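Throughout the sequence shown, residue numbering follows our numbering, covering 1 to 316 in sequence.
I should point out that these hints are in silico values taken from the structure, not numbers from a laboratory.
Because the structure is a prediction, the values reported are computed rather than measured.
Heads up, the beta-carbon is just placed ideally off N, CA and C, and yes, glycines get one too.
Derived lysine to any residue pairs resembling SDA-like cross-links, with alpha carbons at most 20 Å apart:
1. K66 with S95
2. K158 with Y132
3. K124 with E164
4. K66 with L100
5. K10 with G51
6. K158 with N212
Between beta-carbon pairs, the in silico distance windows are:
7. S169 with E261: 20 to 26 Å
8. P127 with D68: 25 to 31 Å
9. E226 with P56: 44 to 50 Å
10. S191 with T79: 34 to 40 Å
11. G232 with F74: 46 to 52 Å
12. E128 with V45: 56 to 62 Å
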Amino acid sequence: SAVNNDTGAKSGISAIVTATLVGLVLLFLTSVFELLPLATLASIVISGVIGLIDYPEAIYLWKVHKFDFSVWVFAFLGTLFLGVELGLAIAVSISLMIVLFESAYPHTAVLGRLPGTSIYRNIKQYPEAECYDGIVMVRIDAPIYFANTQNVREKIRKYEQRAEEELESRRQQQHESSIIQFIVLELSPVSHVDTSALHILHDMADTYNDRNIQLCLANPSKNVMEKLVSSGVADDIGRDHIFVSLHDAVDYCLSHMDTEELSKHNHDTELTDPLTQEDERGPEEAEASMMAARDKESGEDGQEDRGDDIESQRKR
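Working from the sequences, and respecting the hints, build out all of it.
In structure tokens, the structure reads:
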């Protein structure tokens, strides 16, 4: 049928005509073809099949997607040397392996804010995107389930370590004291989580809390949010740390960091300001110090008066 279609057949009648001619040849002309060399018969088959090879499609697959091109090559070689059934079985098996690989190793990205907007995009795709010291924003572009939970966790840990190394190098150069305080996960592409994913999120929340790092979630879907609430993970993370959008989560993190910085600055000022230290003393201590200062001043005045009397006696 493929050869028939390749020769330009337009309707199903062509198949009837082809089947009829093949039947007549097998019934009445086999003795004629019996004397033909096998090489001649093979050339006839090759000339009919060679037009079925889609070279432009192979070139297109090579340019666009190397994985699909590899599937095409294996299917072609399997069909050519092992038969149609085995060739198709090899192609289907390779395709399933690719699907499992992409599912077990999902795409993730570190996000940054595009200047002048509230839009957050992959910093590799948009190098001008702005990142914030102390905040790591990560987007997970696939459902989270038992096959990819460990990979997702390792990637988040890798992004956190990379951000920590950048802060450490900046501390050495500029003497800054920033640390990682927030890990924000953008969950809008995550359509499904299973129990393995919930356990991983629970463990991540506990681990980060022990290190004084707050885990935040942004824009989880309705299905994901229901599982987070029913499993108790939402309470472990803190429902006030689950946000409708990534921009809201970043605003909260920046506001919290500014508040802590201001509180730390005020505390340092109180420790170094002598007036503040005097105000912090009790009224009895303040009164005692004032009386001691007055006695000291009166003693100094008395010594000066006695010195003047002795000097006057000497002049006399």
